[in-house]
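*Asks:* Residues per chain are reported as follows:
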Amino acid sequence: MTKPLKSLLLGSAALALTLSLGTAAMAQMTLNRGNLDDPESLDPHRTSTLAEANLMRDLFSGLVALDAGAKVIPDAAERWAVSEDGLTYTFTLRADGKWSDGTPVTADDFVYSWRRVVTPDTAAEYAFMLAPVVNAEAITAGKMAPDTLGIVALDAHTVQVTLNAPTPYFLQMLTHQSTYPVQRANVEALGNAFTKPGNLVSNGAYVLADFVPNDHITLAKNARFYAADTVAIDTVNYYPTADAAAAVKRFEAGELDINRDFPTEQTEDLSAKLGDQLRVGATLGTYYYGFKTDKAPWSNPKLRQAISMLIDRDFLAEKVWQDTMLPAYSFVPPGIAGYDAAALDYAEMSPLDREDAAVAILTELGYGPQNPLPMELRFNTSDNNTNTAVAVQEMLAPFGVQVSLVNADTKSHYAHLEAKGDFDIARAAWFADYSDPENFLSLCKSGTGNNYTQYSSPEYDGLLEQAAAETDPAVRMTLLGQAEAVGVARDLCVVPLMFYSYHNLVSDRVLGWQDNVMDVHPSRFLSLQ
Amino acid sequence: MLRYSLRRLATALPTLLAVITLSFFMMRIAPGGPFDQERALDPVIRANMEAAYHLDLPLWHQYLIYLGNLLRGDLGPSFTMPEFTVAELFAAGLPVSVQLGGWALVLALLIGGGLGIAAALRQNGWIDVAVVAVATAGSTIPTFVVAPVFQLVFGLSLMWLPVGGWQDGAARNMVGPVVCLMLPQLAVVARLMRGSMIEALRAHHIRTARAMGLSGWSVVGRHALRSAMLPVVSYAGPAAAALLTGSVVVETIFSVPGVGRYFVDAALNRDYTVVMGAVVVVAVFTIVFNLIVDLLYAIIDPRVRYA
Numbered sequence: 001m002t003k004p005l006k007s008l009l010l011g012s013a014a015l016a017l018t019l020s021l022g023t024a025a026m027a028q029m030t031l032n033r034g035n036l037d038d039p040e041s042l043d044p045h046r047t048s049t050l051a052e053a054n055l056m057r058d059l060f061s062g063l064v065a066l067d068a069g070a071k072v073i074p075d076a077a078e079r080w081a082v083s084e085d086g087l088t089y090t091f092t093l094r095a096d097g098k099w100s101d102g103t104p105v106t107a108d109d110f111v112y113s114w115r116r117v118v119t120p121d122t123a124a125e126y127a128f129m130l131a132p133v134v135n136a137e138a139i140t141a142g143k144m145a146p147d148t149l150g151i152v153a154l155d156a157h158t159v160q161v162t163l164n165a166p167t168p169y170f171l172q173m174l175t176h177q178s179t180y181p182v183q184r185a186n187v188e189a190l191g192n193a194f195t196k197p198g199n200l201v202s203n204g205a206y207v208l209a210d211f212v213p214n215d216h217i218t219l220a221k222n223a224r225f226y227a228a229d230t231v232a233i234d235t236v237n238y239y240p241t242a243d244a245a246a247a248v249k250r251f252e253a254g255e256l257d258i259n260r261d262f263p264t265e266q267t268e269d270l271s272a273k274l275g276d277q278l279r280v281g282a283t284l285g286t287y288y289y290g291f292k293t294d295k296a297p298w299s300n301p302k303l304r305q306a307i308s309m310l311i312d313r314d315f316l317a318e319k320v321w322q323d324t325m326l327p328a329y330s331f332v333p334p335g336i337a338g339y340d341a342a343a344l345d346y347a348e349m350s351p352l353d354r355e356d357a358a359v360a361i362l363t364e365l366g367y368g369p370q371n372p373l374p375m376e377l378r379f380n381t382s383d384n385n386t387n388t389a390v391a392v393q394e395m396l397a398p399f400g401v402q403v404s405l406v407n408a409d410t411k412s413h414y415a416h417l418e419a420k421g422d423f424d425i426a427r428a429a430w431f432a433d434y435s436d437p438e439n440f441l442s443l444c445k446s447g448t449g450n451n452y453t454q455y456s457s458p459e460y461d462g463l464l465e466q467a468a469a470e471t472d473p474a475v476r477m478t479l480l481g482q483a484e485a486v487g488v489a490r491d492l493c494v495v496p497l498m499f500y501s502y503h504n505l506v507s508d509r510v511l512g513w514q515d516n517v518m519d520v521h522p523s524r525f526l527s528l529q
Numbered sequence: 530m531l532r533y534s535l536r537r538l539a540t541a542l543p544t545l546l547a548v549i550t551l552s553f554f555m556m557r558i559a560p561g562g563p564f565d566q567e568r569a570l571d572p573v574i575r576a577n578m579e580a581a582y583h584l585d586l587p588l589w590h591q592y593l594i595y596l597g598n599l600l601r602g603d604l605g606p607s608f609t610m611p612e613f614t615v616a617e618l619f620a621a622g623l624p625v626s627v628q629l630g631g632w633a634l635v636l637a638l639l640i641g642g643g644l645g646i647a648a649a650l651r652q653n654g655w656i657d658v659a660v661v662a663v664a665t666a667g668s669t670i671p672t673f674v675v676a677p678v679f680q681l682v683f684g685l686s687l688m689w690l691p692v693g694g695w696q697d698g699a700a701r702n703m704v705g706p707v708v709c710l711m712l713p714q715l716a717v718v719a720r721l722m723r724g725s726m727i728e729a730l731r732a733h734h735i736r737t738a739r740a741m742g743l744s745g746w747s748v749v750g751r752h753a754l755r756s757a758m759l760p761v762v763s764y765a766g767p768a769a770a771a772l773l774t775g776s777v778v779v780e781t782i783f784s785v786p787g788v789g790r791y792f793v794d795a796a797l798n799r800d801y802t803v804v805m806g807a808v809v810v811v812a813v814f815t816i817v818f819n820l821i822v823d824l825l826y827a828i829i830d831p832r833v834r835y836a
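These protein sequences, in sequence, are chains A and B. For the first sequence, my numbering gives the first residue as 1, with consecutive numbering after it. For the second sequence, my numbering gives the first residue as 530, with consecutive numbering after it.
Derived by calculation from the structure, the hints in this document are not laboratory data. Source: prediction; values computed, not measured. Heads up, the beta-carbon is just placed ideally off N, CA and C, and yes, glycines get one too. Some hints could be false.
Said to hold, decoys possible - Under 10 Å between C-beta atoms, here's a sample of chain B residues computed to sit facing chain A:
| no. | residue |
| --- | --- |
| 1 | D565 |
| 2 | M610 |
| 3 | W655 |
| 4 | I656 |
| 5 | V675 |
| 6 | A676 |
| 7 | W695 |
| 8 | G787 |
Whole structure, please, built from the sequences with the hints as guidance.
*Replies:* As structure tokens, this is what we get:
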């Protein structure tokens, strides 16, 4: 080989190497997400927490999905048709839908998966997400066979779903991970171990690469995802960040690009330091207290109203929660399209007028500093819950309402409420699974499991039933609004105190982030600069 | 000594059984269960979940099932992470905690011991004052203060070390957790060592050794150190059991995947099987390290003999 030729070859080899290294470096985009907690499960049918939902949205594609702005978009299904009566949904799956092992995503996968969700043996916590589907509840109760579920595969790419009643929020429900498909072969071959790294076959934008409990979960881009060419980030690391203060420091050091929490008491400092990397806004969650409405004297709605009036929600939101909560005068948070929440009457009244009105009621009922009213307030232990309870105690004390505080750890607290244990007033919260008022208002329906306050009103139940049967979306929303006016604004089946807000840390490096009420941010819509 | 060790381990078995039995039933006395949470479960779904974990059986039956599985080495699946068995969780986390705790223990003994000896030899000198001051500070400032300050200084300001994370046990990631685990132990060891060394130096046999003209180092190193070490060794046994089984504070703040957090989180989550696993691990560590301490006594102190 002549010398010039040799050097030319070497030179071009070096050039090629540099170029390939260069493109490799460019192509490798890694997003580090702080994700509150480790998932309890990576089986979409067994997940329930917010942290799990974030992972599931990256790993799996349901029939529909939420986009970067939390709007419903087609995902595994490319289109769908709804029958006149609102009872039959026909989904057409996209022809190019594939599992990460290369096999096509078929209608049978959805039929298998949905039957699996409602089968008692699966013990799926969110089986109720499919409750609108024909026979779902009877199957979960073990009274019918799973193959009687109202879902059939018309052909390899067409799924037909039959509902019990028109359910206007059904598509919203389908954005929940419990309705995502799992691959039948994968589950049947590996049993419970199908969710382990190396085993899990998924159909979303990412596949599971690694999971070390309490350390990290690594997702790698799924080359077989139907829209893989639009996915910018190659690797997503999810870190459990139980200690929010430590997570903030990791964020500042650049070790995390996103964290889904920060200590609210640091809001002011952090906002000065981090500017608009701090993202705070309303989300679909309500922090509330509930009176035990089937027990005297709390069975009297007037008394409930008087105490509700004396609680200064602005103080709680601004001072106790440092503006990371918003004062709430309705149970259903703002931000649900087409719905106007029915607010408490005194939402617009000045604090002094409210006090006067409350004192008038208390006096009428014979309570006051001379004849104090004892009230036991139960809550689950956390700094902010304690501070809130103490503030409420202080607000009520001057008017003769003597609040005693009882706190317990979360499990004990909710066990007590679920067992319909005795209390006067108790703290609870509700986060929407899907963006619809019904998701909140059904909490006050007679006899439902989450109706801790034991509120029961035929009028309220009737309005909800009417709304459930209504096919015109606008009329339905009006009926739901009337229900809220009766159950919440008039009867205080729950006492709304504050709306939750998301509080995220999002680095300037992250592009494509859109704040939204569902606080949903799939990695496939993000990129890094 | 081997027979003695075997006998000790054999007598430990009833202790272990008692610990397991007590923990099993005490855990169940606590109100609430693994499936109680902010939102109520549908009674049907709840029944399905409880059946899947045998929680629908009478308590004594559950206890017998647990013991039977335990004898076969099966600690069961976790309630909160059902796709992991308790054994898998501990297999992943325990090596991390043992590494961190091991380093912290060794460094605390070496540095703390050295400081204690130095302080004792120069009693009331500046070294002594400094060591006592450090020891007092070390044992009074809690880890949940030291650890975030450490992160701020070395992670955010100086940027010498990562703020948190494990990175498969990279040395850089271990410095912070090890230092924060070590400091309180170092303080205790230094105080113990100082006190017992001062006492040992006043003993008759030391005075005799000195009178016989042995060099200062030989007196301290060969004779005084032996008896001075005994209180430190007694302390190190239980301390080792505690350090090697992880620290919830350090692991949470530094985002380290050890087993320390299972002790707290599992109890709060009513993750019965993980709580029991943690109890078994700590009980075994404590029994083993107490045995090691007793055996070390025989080696260090010629007056102690085991037959």
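*Asks:* A separate judgement is required for each hint: does it hold in the structure or not?
*Replies:* Here is what the structure says about each hint:
1. D565: Holds, because the Cβ-Cβ distance from B/D565 to chain A comes to roughly 4 Å (cut-off 10 Å).
2. M610: holds, 5 Å
3. W655: This interface hint is violated because 36 Å lies over the 10 Å limit.
4. I656: violated, 35 Å
5. V675: violated, 13 Å
6. A676: With Cβ-Cβ at 8 Å, under 10 Å, it holds.
7. W695: holds, 5 Å
8. G787: It holds, given that the least Cβ distance between B/G787 and chain A is near 7 Å, below 10 Å.
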